[in-house]
Amino acid sequence: MKLSDVKNHLGAMDSLTFVLENGEQVPAHFHITEVGLVTKRFIDCGNTVRNETVVSMQLWDANDYDHRLAPEKLLKIIATSEKVLGIEDHEVEIEYQGGTIGKYGLNFNGNQFVLTNKHTACLADDQCGVPVVKKKIALSELQCCQPGGGCC
8 MKLSDVKNHL GAMDSLTFVL ENGEQVPAHF HITEVGLVTK RFIDCGNTVR
58 NETVVSMQLW DANDYDHRLA PEKLLKIIAT SEKVLGIEDH EVEIEYQGGT
108 IGKYGLNFNG NQFVLTNKHT ACLADDQCGV PVVKKKIALS ELQCCQPGGG
158 CC
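In our numbering, the protein residues as written are 8 to 159.
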């Protein structure tokens, strides 16, 4: 989800809630401790130089049980970050504490923001010899070339 999408959703929300993809609720007393611009320059295993830029937001669950962050307050924090840091409309990445700091993508389910699981992947699989996994299907599942089907 891009930052512009986050801002649009925030503008229509009465309260701000986050949930993990598995349905676990982020405690309502969370803080957003930072909004930042993260640029990563790296070389993948195929020797290709790559750049990745995301807007990073860090959610923190503290023992401040009376704290509630309003959507309008987060919009103000984002506006300041855009102005001071020069943040543009990049994908948003959420950092949230589990067993360690986890990085999540972001989605919206109509009522709340959803922290989506991110996965690693080879970016140069055509160059580093990673075999392509082919999906196995039974020939009986194929629906082409049936008598009278007109495809043969």
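Hints are computed from structural coordinates only; laboratory data are not their basis. In this text, a Cβ means the ideal position worked out from N, Cα and C, and glycines have one as well. Incorrect hints may appear among the rest.
[What the hints assert, rightly or not] The calculated label-pair distances, taken between Cβ atoms and stated as ranges, are: (1) Lys90 / Gly53: 13 to 23 Å; (2) Asp133 / Ala77: 44 to 54 Å; (3) Ala77 / Ala131: 41 to 51 Å; (4) Ser22 / Lys142: 17 to 27 Å; (5) His74 / Gly30: 35 to 45 Å; (6) Asp132 / Ile84: 34 to 44 Å; (7) Thr60 / His38: 42 to 52 Å; (8) Asn114 / Val45: 38 to 48 Å; (9) Ile84 / Phe49: 46 to 56 Å; (10) Glu41 / Asp133: 20 to 30 Å; (11) Asn70 / Ile144: 50 to 60 Å.
[Unchecked claim] Straight-line alpha carbon distances no greater than 27 Å define the calculated DSSO-like cross-link-like pairs of lysine-lysine that follow: (12) Lys90 / Lys141; (13) Lys125 / Lys141; (14) Lys125 / Lys9; (15) Lys80 / Lys9; (16) Lys110 / Lys83; (17) Lys80 / Lys14; (18) Lys125 / Lys110; (19) Lys90 / Lys142; (20) Lys47 / Lys141; (21) Lys141 / Lys83; (22) Lys110 / Lys9; (23) Lys9 / Lys90; (24) Lys110 / Lys143.
How the hints compare with the structure:
no., hint, in the structure
1, Lys90 / Gly53: 13 to 23 Å, "violated (38 Å)"
2, Asp133 / Ala77: 44 to 54 Å, "holds (48 Å)"
3, Ala77 / Ala131: 41 to 51 Å, "holds (44 Å)"
4, Ser22 / Lys142: 17 to 27 Å, "violated (43 Å)"
5, His74 / Gly30: 35 to 45 Å, "violated (23 Å)"
6, Asp132 / Ile84: 34 to 44 Å, "holds (39 Å)"
7, Thr60 / His38: 42 to 52 Å, "violated (24 Å)"
8, Asn114 / Val45: 38 to 48 Å, "violated (19 Å)"
9, Ile84 / Phe49: 46 to 56 Å, "violated (28 Å)"
10, Glu41 / Asp133: 20 to 30 Å, "violated (37 Å)"
11, Asn70 / Ile144: 50 to 60 Å, "holds (53 Å)"
12, Lys90 / Lys141, "violated (48 Å)"
13, Lys125 / Lys141, "holds (23 Å)"
14, Lys125 / Lys9, "holds (15 Å)"
15, Lys80 / Lys9, "holds (19 Å)"
16, Lys110 / Lys83, "holds (23 Å)"
17, Lys80 / Lys14, "holds (11 Å)"
18, Lys125 / Lys110, "holds (7 Å)"
19, Lys90 / Lys142, "violated (48 Å)"
20, Lys47 / Lys141, "violated (32 Å)"
21, Lys141 / Lys83, "violated (48 Å)"
22, Lys110 / Lys9, "holds (15 Å)"
23, Lys9 / Lys90, "holds (17 Å)"
24, Lys110 / Lys143, "violated (32 Å)"
Checked against the numbered hints above, the structure breaks hints 1, 4, 5, 7, 8, 9, 10, 12, 19, 20, 21 and 24 and satisfies the rest.
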